[in-house]
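Novice: Under this note's numbering, think of the first position of the sequence shown as 3, with each following residue one higher.
Just so you know, these hints were derived from the structure itself, not from any lab.
Note that the structure is a prediction, hence the values are computed from the model and not measured.
Heads up, some of the hints might be wrong.
Computed Cβ-Cβ distance ranges for the label pairs, DEER-style [stated by the list, open to error]:
(1) G99 <-> D220: 27 to 37 Å
(2) K87 <-> V202: 26 to 36 Å
(3) H184 <-> G60: 28 to 38 Å
(4) G99 <-> L232: 44 to 54 Å
No residue lacks a Cβ here, since even glycine has one placed at the ideal position from N, Cα and C.
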Amino acid sequence: MLQTPSGGAGHGAAATDRLMSIGTVLNVLRDEFPEVTISKIRFLEAEGLIEPQRTPSGYRKFSAHDVERLGHVLRMQRDHYLPLKVIREHLEAMERGEAVPLPALGRQRDGDTVPETPEAPTAARIGREELLAAAGVGEEELREWESYGLVTPLEDGVYDAEAATVASLIAELGRFGIEPRHLRVMKAAADREAGLVDQVVAPLRRHRNPQTRAHAEDRTRELAGLTVKLHAALVQTALGVRLH
3 MLQTPSGGAG HGAAATDRLM SIGTVLNVLR DEFPEVTISK IRFLEAEGLI
53 EPQRTPSGYR KFSAHDVERL GHVLRMQRDH YLPLKVIREH LEAMERGEAV
103 PLPALGRQRD GDTVPETPEA PTAARIGREE LLAAAGVGEE ELREWESYGL
153 VTPLEDGVYD AEAATVASLI AELGRFGIEP RHLRVMKAAA DREAGLVDQV
203 VAPLRRHRNP QTRAHAEDRT RELAGLTVKL HAALVQTALG VRLH
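Whenever a hint applies, use it, and build me the whole structure from the sequences.
Specialist: Put into structure tokens, the structure is as follows:
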């Protein structure tokens, strides 16, 4: 269960205190979702899954309900691989008071749901226009990123939802003068790290036992998380800074 800061003493003060900045929300969510980013939260807002309040100067302010809703969205993506459209419809039905079961991804056999093999989940995908909106860039920038292999569409022309996070981070780095061509070394390093993880889990993925193959996906996520943490720690050590 996500823990949110408590309010103040007075009713009006309490309502104000319960509103959180996006940075505070990020810290709350990271206890359960260590890989969530500000760009991811902004993308989910752009997709209409949350509607935080805005201050007169345009800053986002999130309520405890917004944080709980974010937790539900991230949990359904992580645990059930549900597309954002399905998640949105499910949450809207819940808010209408309907007792709706969590949608099951799988095929039907004799009236029962038979889960698909764990190595081929239905991943959330977004279209090109959605990606442009999430990153706040135009076609020219996106084509340049694609030319350097930083963002790559899938075979049917859509993108993995994580591409929105990548695109938003590239855009943010660009504000500091870091150009896409400078990021090729980071892409190459990421590919090498992914290759190392693949070598470790490849024997599990080829196993005949479905449970062993499912374990391969869990092991991949675990190793990916450790790799990201190590990479961040090494960069911080090299720069002599701490991010937190």
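Novice: For this structure, which hints from the list above don't hold up?
Specialist: none
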